[in-house]
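Chains A and B, in that order, give the protein sequences.
Counting from 1, position 74 in the first sequence corresponds to residue 74 in this note's numbering; the numbering is continuous, with no gaps.
Counting from 1, position 84 in the second sequence corresponds to residue 84 in this note's numbering; the numbering is continuous, with no gaps.
Quick caveat, the hints were computed from the structure, so don't treat them as lab data.
The beta carbon of each residue, even a glycine, is placed where N, CA and C say it ideally should be.
Check each hint, because a few of them may be wrong.
[Unchecked claim] Below 25 Å or equal to it, Euclidean Cα-Cα: the simulated SDA-like pairs (lysine to any residue) are:
| hint | chain 1 | residue 1 | chain 2 | residue 2 |
| --- | --- | --- | --- | --- |
| 1 | B | K97 | A | L109 |
| 2 | A | K228 | A | E139 |
| 3 | A | K194 | A | A158 |
| 4 | B | K131 | A | R5 |
[Unchecked claim] A short, non-exhaustive set of chain B residues, derived as facing chain A with CB atoms under 7 Å:
| hint | residue |
| --- | --- |
| 5 | L17 |
| 6 | E51 |
| 7 | K68 |
| 8 | L75 |
| 9 | M93 |
| 10 | Q108 |
| 11 | D124 |
| 12 | I125 |
| 13 | V128 |
| 14 | Y139 |
| 15 | T141 |
| 16 | M143 |
| 17 | R269 |
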Amino acid sequence: MRLSRTVFLFSRFLAQNIKIKLEYKADFIIMLFSGSVLQLLGVMFLGVLYSRIPPIQGWTMWEIVLILASIFFTEGVVSFAFEGMWRIVRLINLGDMDRFLLRPVSPILQILTYDIGAHGIGNMITGVILCVIALSRTEILWTWDRILYLPVLIVSAAAIRTAISFAANCSGFWLTSFYNAFPLMVHQMADFAKYPTTLFTEPIQFFITVVLPYAFIGYIPAVYLFHKQPWGAAAWLAPLVAVWCVLIARAVFYRGLRRYDSPGN
Amino acid sequence: MNVIETKGLCKSFRSPLKKPGVLGAVRHLFRPEHREIVAVTEVDLAIAAGESVAYVGPNGAGKSTTIKMLTGILLPTGGEVRVNGLHPYHQRMRNSKNIGVVFGQRTQLWWDIPVIESFTLLRDIYEVPEKTYAENLAYFTGMLGLAELLHQSARRLSLGQRMRCDLAVALMHNPAIVFLDEPTIGLDVAVKERIREFLKTVNRERGVTIMLTSHDLGDIEDVCRRLIIIDAGRIIYDGSIQGLLDRYVKQRSIRIIASARIDQPSAARAMPAGVEIVHADEREMTVEFDRFRYTAKDVLEIIMTAAEVVDFQLEEPDIERVVKNVYEGRLELEQGA
Ligand SMILES: Nc1ncnc2c1ncn2[C@@H]1O[C@H](COP(=O)(O)OP(=O)(O)OP(=O)(O)O)[C@@H](O)[C@H]1O
Ligand SMILES: [Mg+2]
Numbered sequence: 001m002r003l004s005r006t007v008f009l010f011s012r013f014l015a016q017n018i019k020i021k022l023e024y025k026a027d028f029i030i031m032l033f034s035g036s037v038l039q040l041l042g043v044m045f046l047g048v049l050y051s052r053i054p055p056i057q058g059w060t061m062w063e064i065v066l067i068l069a070s071i072f073f074t075e076g077v078v079s080f081a082f083e084g085m086w087r088i089v090r091l092i093n094l095g096d097m098d099r100f101l102l103r104p105v106s107p108i109l110q111i112l113t114y115d116i117g118a119h120g121i122g123n124m125i126t127g128v129i130l131c132v133i134a135l136s137r138t139e140i141l142w143t144w145d146r147i148l149y150l151p152v153l154i155v156s157a158a159a160i161r162t163a164i165s166f167a168a169n170c171s172g173f174w175l176t177s178f179y180n181a182f183p184l185m186v187h188q189m190a191d192f193a194k195y196p197t198t199l200f201t202e203p204i205q206f207f208i209t210v211v212l213p214y215a216f217i218g219y220i221p222a223v224y225l226f227h228k229q230p231w232g233a234a235a236w237l238a239p240l241v242a243v244w245c246v247l248i249a250r251a252v253f254y255r256g257l258r259r260y261d262s263p264g265n
Numbered sequence: 001m002n003v004i005e006t007k008g009l010c011k012s013f014r015s016p017l018k019k020p021g022v023l024g025a026v027r028h029l030f031r032p033e034h035r036e037i038v039a040v041t042e043v044d045l046a047i048a049a050g051e052s053v054a055y056v057g058p059n060g061a062g063k064s065t066t067i068k069m070l071t072g073i074l075l076p077t078g079g080e081v082r083v084n085g086l087h088p089y090h091q092r093m094r095n096s097k098n099i100g101v102v103f104g105q106r107t108q109l110w111w112d113i114p115v116i117e118s119f120t121l122l123r124d125i126y127e128v129p130e131k132t133y134a135e136n137l138a139y140f141t142g143m144l145g146l147a148e149l150l151h152q153s154a155r156r157l158s159l160g161q162r163m164r165c166d167l168a169v170a171l172m173h174n175p176a177i178v179f180l181d182e183p184t185i186g187l188d189v190a191v192k193e194r195i196r197e198f199l200k201t202v203n204r205e206r207g208v209t210i211m212l213t214s215h216d217l218g219d220i221e222d223v224c225r226r227l228i229i230i231d232a233g234r235i236i237y238d239g240s241i242q243g244l245l246d247r248y249v250k251q252r253s254i255r256i257i258a259s260a261r262i263d264q265p266s267a268a269r270a271m272p273a274g275v276e277i278v279h280a281d282e283r284e285m286t287v288e289f290d291r292f293r294y295t296a297k298d299v300l301e302i303i304m305t306a307a308e309v310v311d312f313q314l315e316e317p318d319i320e321r322v323v324k325n326v327y328e329g330r331l332e333l334e335q336g337a
């Protein structure tokens, strides 16, 4: 599909979803706040933790908070815009995927935009607030390449997260039970990205840089932004990693789709 | 030119064989066993532009499965398939622009938004030019009586109202073919009538090719000129509706009314092979006979030896009977008729 058409349809679907959600106003507002409150509680907990055990491996608390902020923000963007991927299992089991396959639009786009997560807004807000605070408490030497890197990071991180969770949800094509815990588990592993990767043992480091490259959504970019060692420039691999993840997720989806047997009628 | 063409089209499903209980589930996890279900096998279809075809068969015959392969939902497990010259699965997005689809039990509408907004979303999805859209909207609104429905959400529509909207959706982008899988299921007579009228009109005026499945023989006789019967995954008849009657309906029946009580046992004894009493009352009787072996006159004469006939009525074979026979497995149709 042409990019302009994809963007146009994405915005149409998104607008439609927002409108539907706004009809259930109370729900929407509750979701929005629960998102923010949960994240802020998490940060406060971390604050307490760090005030006791100051700098881990040369990372100050506020530097860690900045990593967290960027993760919250992309998590918010992803769950706001692409919540539909969490409905794949249902779409498969109830045969509702049929509808998506009948239209001249990529089924992946239709799945991703099948729903929005209002709590994502809460995450985004939390992310922005934390980011502003953290930036005022940390020292980043803003060179032009680092400024240029920010939008690249946001897009890549969102793509990586979306691709990984989407691919994990595609397990629904193989595991056809309604209660599929696998995607949630994969999603939770993003928690590893919240801390300096070097804190973990080598197998885990390998796992979160290569297998599920969550390191590229938090730690590695932060290393680069703060001019730390090691692997500073590796942060620029993020867009490549994102493309790689997207291609894999796409392939997994179309593999799975061959197994789709359209139950019902 | 054929807009739908298949050669040896097959589809089988692998269905997990699970023993009951937790133990069965655990066993399946480690040593999954599957059962092969053949839904469609060796189906050859050749449907020309502008035709209206009924695709008929008993429950589980493979109708929906065929439609799903022609619309690109399911990947065939064997054979060739072309719809408007495209492979419906591998060229799904291009194919979907040329086809409209209605599944009786599903809807294309979004549940929570007014119907008209579903329409405009679909207009954007199918890239329907504004002018075409406006014309079609006016046309369908008039023909299907959608005016009061457009501003309600799909959730609030009755089945018949929803189905009318779904028909409009299926045709909004001027597809060359519409596939309808049981479009009249669960609808009342008036709505059925309206939908049939609509389908006939778009077929005639717009040249839209129609392929529909239905268990309602009224739909079939009214809308379609060609009949394809599938049973247990195989095509057992493909031809005109009249042709089916001429060729395969062996039975005709005569209903008589007698002036006095009919002595049933002796009447039954009087009937030779190929003539059978299928219904009997005090002074009434219906006799079915092989029309290739007996004329109506022969049969009437036989009946008159056993009853005082005052009136009789010859019942012509009808499509309903034929298809019912097929459904009940009473009629062995030859392949490739
Ligand atoms: N997803 C599936 N998994 C396993 N078997 C299936 C599946 N879909 C259909 N079948 C089987 O394939 C056969 C054909 O089913 P299909 O739905 O095509 O029948 P149909 O002719 O549409 O019947 P009906 O008139 O009841 O709608 C049936 O035996 C059915 O059980
Ligand atoms: Mg069916």
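How the hints compare with the structure:
Of the supplied pair hints, the one linking K97 (chain B) and L109 (chain A) holds, its CA atoms being roughly 17 Å apart against a limit of 25 Å. For the proposed pair K228 (chain A) and E139 (chain A), the alpha carbon gap of about 12 Å is at most 25 Å, so the pair holds. Proximity of K194 (chain A) to A158 (chain A) is assessed by CA-CA distance (about 15 Å); at most 25 Å being required, the pair is judged to hold. Proximity of K131 (chain B) to R5 (chain A) is assessed by CA-CA distance (about 20 Å); at most 25 Å being required, the pair is judged to hold.
Taken as an interface hint, L17 (chain B) does not check out: its beta carbon lies about 14 Å from the nearest beta carbon of chain A, beyond 7 Å. Hint on E51 (chain B) is violated. Least Cβ distance to chain A is approximately 21 Å, over the 7 Å limit. This hint holds: K68 (chain B) has a C-beta 5 Å from the nearest C-beta of chain A, less than the 7 Å allowed. Among the interface hints, the one on L75 (chain B) holds; its C-beta lies about 6 Å from the nearest C-beta in chain A, closer than the 7 Å criterion.
The beta carbon of M93 (chain B) comes within 5 Å of a beta carbon in chain A, closer than 7 Å, and the hint placing it at the interface holds. For Q108 (chain B), the interface hint holds, the least distance from its beta-carbon to any beta-carbon of chain A being 6 Å, beneath 7 Å. For D124 (chain B), the suggested interface contact is upheld, since its CB lies about 6 Å from the closest CB of chain A, less than 7 Å. Evaluation of the I125 (chain B) hint against chain A yields a held restraint, the C-beta minimum of about 5 Å falling below 7 Å.
Look at V128 (chain B): its Cβ only gets to about 11 Å from chain A, farther than 7 Å, so that hint breaks. The interface hint given for Y139 (chain B) is violated, since its Cβ lies 22 Å from the closest Cβ of chain A, which is over the 7 Å cut-off. Nearest Cβ of chain A to the Cβ of T141 (chain B): about 22 Å, over the 7 Å cut. The hint is violated. Taken as an interface hint, M143 (chain B) does not check out: its beta carbon lies about 23 Å from the nearest beta carbon of chain A, beyond 7 Å.
At its closest, the beta carbon of R269 (chain B) sits 50 Å from a beta carbon of chain A; the interface hint therefore is violated under the 7 Å criterion.
Comparing the model with each earlier hint shows violations of hints 5, 6, 13, 14, 15, 16, 17; every other hint is respected.
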